[in-house]
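Participant: This is what each chain is made of:
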Amino acid sequence: MRAYYSYFKSELMVGLQYRTAALAGLSTQFFWGIILSFIYTAFYSHASLANFSINQLMCYVWLNQAFFSLVYPSLNDGQIMSQIKNGGVAYELCRPYDLYWWWYLKMLSKRYASCMLRCLPVLIFAVLLPVGYKLVAPVSIISLLLFIISLFLGTLVITGINMIIQSISFFTNEDKGIGSIFYTFMALLSGIAIPLPLLPDILNTINYLLPFRLISDLAYQTYSGSMVLSNVLISIFMQIIWIFILILIGKLIMKKVLTKASIQGG
Amino acid sequence: MKLIKNYLSMHLKVSLEYKSSFILSCISQAIYMLVELFTIYALFLKFKLLNTFDINEMLLGFSTIWLGYSLAELFARGFDHFDKLIVRGDFDLLLIRPRSIFIQIFGSDICYEKFGRTLCALLIYIYSASKVITNLTLLKISLLITMVIGCFILIISLFIIGASFCFVTVQGIEAINIITNGTKQVAEYPLSIYKKPVRMFFTFVIPIVLINYYPISYLTDKTGNILYVFMPLVTIISFIISEYIFHIGMKKYCSTGS
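If you read the sequences in order, they're chains A and B. Per the numbering used here, the first sequence runs over residues 1 to 266. Per the numbering used here, the second sequence runs over residues 1001 to 1258.
Just chain A, with the same shape it has in the complex (with noise of 0.2 Å):
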């Protein structure tokens, strides 16, 4: 148990290394919350939403990019992908350690550490910005204690996710194809690529059984109040549930993939 505690201690501190990559990626946060703000009040100015107030999309839009680094959907790591590309996995394979809670950690420790270097200035800025735009307070104590806990089990849910995916990519070799459309459906059904209250109401019917609302739709509406504070409490119940399954999946998944693949490079 200490060692994962101490590998998850050192790969976080890698990835504070890189300040730079951090501050690069922050102009796109600023600027694409002040695109998104721009379009979604078009929208409003036109017509308004009975549960979804401006401020809550607000809300939304700014918390979206504050924490972006923490729950988008696809990973942008290469490093794991390249391990499996030129044979370097087997050196992972002779570790005493789990191979599956190593990665987990790895893709963890990832998001926190980008989290950590970008979401204060984002969250400073869109507090700053003027009325109608900014991003307010959240309705009470408690919600605001949801939300930090419903983003956390969120990013457990992601990365679980992400080990499904990524070990499937280890035996079919390749990371672009199915992997990518994947997560292009994800980010749809995530709330990144649009706020889910926004979509039609059909598909979140559906939605709402599935995991991916869970990752961070969940905590944004949290903070907003524009859920329900018992349907807040189910779905953070199920958020733990799904934690289990996707775990379990994906441990299953890697267990026949550790038998079959074949080690690349030489």
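By construction, these hints were calculated from the structure, which means they are not laboratory data. As the structure is a prediction and not an experimental result, all values here were calculated from the model. Where is the CB? At the ideal position from N, CA and C, for every residue including glycine. It cannot be assumed that every hint is accurate.
[Said to hold, decoys possible] Subject to a maximum C-alpha distance of 30 Å in a straight line, what follows is the list of computed DSSO-like cross-link-like pairs (lysine-lysine):
(1) Lys85(A) / Lys1184(B)
(2) Lys134(A) / Lys1184(B)
(3) Lys85(A) / Lys1013(B)
(4) Lys106(A) / Lys85(A)
[Unchecked claim] Residues of chain B placed beyond 12 Å of chain A at every Cβ, according to the derived structure:
(5) Leu1043
(6) Leu1049
(7) Leu1123
(8) Tyr1127
(9) Ile1226
Chain B: place on chain A using the hints.
Facilitator: Relative to chain A, chain B alone:
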């Protein structure tokens, strides 16, 4: 001309080396575009604006942008990823060859994976144009063609301006990338939903409105103003400006190679 043909066939051969991967990424690129289209449709559905906007007109505006954009991505990726050329020091190689620098940069990378997206956008474009236009005239056909070419030129100009900054900064600036992407994102929606300042910006600073919003109103016979037909040609000016900026940048260039 022969050089261009060689470049095109060379890159095609490279992409086709990995056939299944190539086809899959073609499909995934197209799906990405369709998902974007779906989110726009969903927004209009949610805000119940579908009766105030014609869905085919929306499709036409959307596909113009995407067609021009994916064509630019297909052929001008060398400019889009220009920082790679500079960082690796490969740009020096291009400079010593006795050929036009622009053609060489175009030839440095051609991304055939964007073909899936281009084809998909083209189909939507033709479909929506056939629905929107009631009486087809020769002028309208030529406008349909110049709209796409205008968009193509405009996006390339943005790529080139972004590339020019790489001479000074070496690493690509992500903010420039955002301008290209953001312009595309804004222009995907029918521009009449925006307030005046936003529209003004996209008329005079980045003239994307001139290749999508105004020409479409001519196509749908909302206006008979013949001036609208020539609007996409304005993008040639932006191309000339970007070329000028690029040459200024090139004068400042000192090699990064070792």
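Participant: So, for every hint listed, does it hold in this structure?
Facilitator: Hint check:
Distance check on the hinted pair: Lys85(A) and Lys1184(B) sit about 35 Å apart at the alpha-carbon level, beyond 30 Å; violated. The straight-line distance between the Cα atoms of Lys134(A) and Lys1184(B) is roughly 24 Å, inside the 30 Å bound, and the hint therefore holds. Distance check on the hinted pair: Lys85(A) and Lys1013(B) sit about 22 Å apart at the alpha-carbon level, within 30 Å; holds. A distance of roughly 18 Å separates the Cα atoms of Lys106(A) and Lys85(A); the hinted pair therefore holds under the 30 Å criterion.
Interface exclusion of Leu1043(B) from chain A breaks down, the closest Cβ pair being 6 Å apart, not more than 12 Å. Not every CB of chain A lies more than 12 Å from the CB of Leu1049(B), the least distance being 6 Å, so the non-interface label is violated. Every Cβ of chain A is farther than 12 Å from the Cβ of Leu1123(B); the closest lies at roughly 19 Å, confirming the non-interface assignment. For Tyr1127(B), the non-interface assignment is confirmed: its Cβ lies about 22 Å from the closest Cβ of chain A, beyond the 12 Å cut-off.
Every beta carbon of chain A lies more than 12 Å from that of Ile1226(B), the smallest distance being close to 30 Å; the non-interface claim holds.
When each numbered hint is compared with the structure, violations occur for hints 1, 5, 6.
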